[in-house]
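Dock chain E against chain F, hints included.
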Amino acid sequence: MFRVKAILKDEKQRARYFHEMAGDSRTLELLLNTCYRIGITPLSANDGSKEGMLSNIVLELNKKNLNSIGVLMDLVEEIPNSEFNIKSNSDEITAELSFSTKDSEQFFTLIKDTLEASVIEKNHGYSYTVMSTVYNIAKIVKEALEANVSFATNEKLYDLGKCGVSLYKDNQADKVDTKNPDDIYEIIEKLKTKFALHLPTIFFCSFEELRTFYFELDETVYSKDIDGDNNGQ
Amino acid sequence: MDNNLKRSIILEHYQHPHHRGLVDDKSYIKANMNNESCIDELNVMVKEEDGILKDIRFDGEACALCISSASIMTDTLIGKKIEDVEKILTNFLNMATEKPYDEKLLEEAIVYNDVSKSPNREKCVLLSWWAIEKILNELKDKKHK
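Respectively, the protein sequence lines represent chains F and E.
Numbering (the numbering used here) for the first sequence: 4 to 236.
Numbering (the numbering used here) for the second sequence: 3 to 147.
Worth flagging that the hints you see were computed from the coordinates, not collected in a lab.
The structure presented is a predicted model; accordingly, all values stated were derived computationally and were not measured.
Backbone N, C-alpha and C fix where the C-beta goes; we use that ideal spot for every residue, glycine too.
One or more of the hints may lead you astray.
To be verified - Below, computed lysine-lysine pairings styled on DSSO-like, alpha-carbon distance capped at 30 Å:
id, chain 1, residue 1, chain 2, residue 2
1, F, 142, E, 125
2, F, 66, E, 89
3, E, 8, F, 165
4, E, 32, F, 67
5, F, 142, E, 32
6, F, 67, E, 49
7, E, 125, F, 197
8, F, 145, E, 125
9, E, 49, F, 142
10, F, 193, E, 119
11, F, 90, E, 125
12, F, 145, E, 8
13, F, 67, E, 125
14, F, 142, E, 8
15, E, 119, F, 145
16, F, 195, E, 119
17, E, 8, F, 197
18, E, 119, F, 197
19, F, 66, E, 49
What the hints assert, rightly or not - Not the full set, but computed from the structure, chain E residues with beta-carbon under 10 Å of chain F:
id, residue
20, 16
21, 17
22, 70
23, 122
Unchecked claim - Computed footprint of chain E on chain F, listed as stretches where at least three residues anywhere in the stretch have a Cβ under 8 Å from a Cβ of chain E:
id, stretch
24, 129-143
25, 202-216
So that you can see chain F by itself, here it is in the shape it has in the complex (with noise of 0.2 Å):
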């Protein structure tokens, strides 16, 4: 697998990284080139084909292309076995689209033909609501809480309007503890009424409850320092 880390300057030295990144799969450079061409910048990719790996794309998240990674997401109700994931660190956020199937290269022809259409669709979907909050939570947890974020949703997530989210800082990779999943409510109450949030967390919560917990999390950070907690608590 193949990361795209320099910027892509010209045709020539854009097409190699995507052959090489999309491995046997004509298909899967297809996409990589229209991510590149609608403006979404590919970080890498794999075509499914060595056994055990998944299909997946990376794509770099900024707040020009929260809609066409917002239909991406949506994705996840039409690709049998597939996950969606936000995912921060210091450097940057990124979106993931993974999946295991036997015949990727159909999916990856529905994914690029989907990201196709979103650029031509002004109005905007739910799902790019969704992302916007993700976004938003990202970019405070990365520079006033200097944390990670981790977002997740799959097809059964995703049918029922939820998702997973954790938040830690660098260090605590290793501390969130999927099977002991936080209360989101007690979440939303601690940073409202105590004005803290610890860290490493982890919840399961409707998208409605994230636009939430992103507002009182705006309101902490912004009016009162954060009570960060690298215990792991």
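For chain E alone, coordinates are given in the frame of chain F:
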């Protein structure tokens, strides 16, 4: 107004913003606004007929305060005559910058009466209102031509 009530009004407008989404109609006047100190970028469009703001729409990528303020702004100004809109706008800007203002004119927008205490959030709250100011100036320019 009680702080919890203010918070719940702001949250409700953020969760379910009114008049969000742009329309493809050339009779609207548009303004694009950026807030460099935050992530806010809003597009606001206004339909004016016979000196009345018949419709206001907005969309964009913005923080909770910015979205809620834009939603409240649309509720407050739609259906008002331009001269009344100008009065409300002046009073809102005065409120946000700690100058004397008439709170009766501001309706629900009074929920931001503490924003001057958080200077880094002033722009978030004001962005959509500045867009209206810009559009009103454009309307005036058009009428003078």
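To see whether the hints hold, each was checked on the structure:
This hinted pair checks out: residue 142(F) and residue 125(E) have alpha carbons roughly 18 Å apart, not beyond 30 Å. For a cut-off of 30 Å, the pair hint linking residue 66(F) to residue 89(E) is broken: about 34 Å separates their Cα positions. Of the supplied pair hints, the one linking residue 8(E) and residue 165(F) holds, its CA atoms being roughly 28 Å apart against a limit of 30 Å. Straight-line distance between C-alpha atoms of residue 32(E) and residue 67(F) comes to about 19 Å, which keeps the hinted pair within the 30 Å bound.
With a C-alpha separation of about 28 Å, the suggested pairing of residue 142(F) with residue 32(E) holds against the 30 Å cut-off. The straight-line distance between the Cα atoms of residue 67(F) and residue 49(E) is roughly 26 Å, inside the 30 Å bound, and the hint therefore holds. For a cut-off of 30 Å, the pair hint linking residue 125(E) to residue 197(F) stands: about 26 Å separates their Cα positions. Between residue 145(F) and residue 125(E), the direct Cα distance comes to roughly 21 Å. Compliance with the 30 Å bound is thereby established for this hinted pair.
Between residue 49(E) and residue 142(F) the alpha-carbon distance is near 34 Å, which puts this suggested pair outside the 30 Å criterion. Between residue 193(F) and residue 119(E), the direct Cα distance comes to roughly 23 Å. Compliance with the 30 Å bound is thereby established for this hinted pair. For the hint pairing residue 90(F) with residue 125(E), the CA-to-CA distance comes to about 28 Å; that is within 30 Å, so the pair holds. Between residue 145(F) and residue 8(E), the direct Cα distance comes to roughly 28 Å. Compliance with the 30 Å bound is thereby established for this hinted pair.
The straight-line distance between the Cα atoms of residue 67(F) and residue 125(E) is roughly 20 Å, inside the 30 Å bound, and the hint therefore holds. Annotation: proposed proximity of residue 142(F) to residue 8(E) holds, straight-line Cα distance about 25 Å (limit 30 Å). With a C-alpha separation of about 24 Å, the suggested pairing of residue 119(E) with residue 145(F) holds against the 30 Å cut-off. The straight-line distance between the Cα atoms of residue 195(F) and residue 119(E) is roughly 18 Å, inside the 30 Å bound, and the hint therefore holds.
A C-alpha spacing of about 18 Å is found between residue 8(E) and residue 197(F), which places the hinted pair at or below 30 Å, so the restraint holds. Of the pairs offered as hints, the one joining residue 119(E) and residue 197(F) holds, with about 20 Å between alpha carbons and a cut-off of 30 Å not exceeded. The straight-line distance between the Cα atoms of residue 66(F) and residue 49(E) is roughly 27 Å, inside the 30 Å bound, and the hint therefore holds. Against a cut-off of 10 Å between C-beta atoms, the interface hint on residue 16(E) holds, since the closest Cβ of chain F lies about 6 Å away.
For the restraint placing residue 17(E) at the interface with chain F, the shortest Cβ-Cβ distance is roughly 6 Å, inside the 10 Å limit, so the hint holds. For the restraint placing residue 70(E) at the interface with chain F, the shortest Cβ-Cβ distance is roughly 9 Å, inside the 10 Å limit, so the hint holds. Taken as an interface hint, residue 122(E) checks out: its beta carbon lies about 6 Å from the nearest beta carbon of chain F, inside 10 Å. Check on the stretch 129-143 of chain F: 4 of its residues sit with their Cβ under 8 Å from a Cβ of chain E, so the three-residue criterion for coverage holds.
For the stretch 202-216 of chain F, the stated coverage by chain E is satisfied: 3 residues place a CB nearer than 8 Å to a CB of that chain, which reaches the threshold of 3.
Hints 2 and 9 from the earlier list are contradicted by this structure; the remaining hints agree with it.
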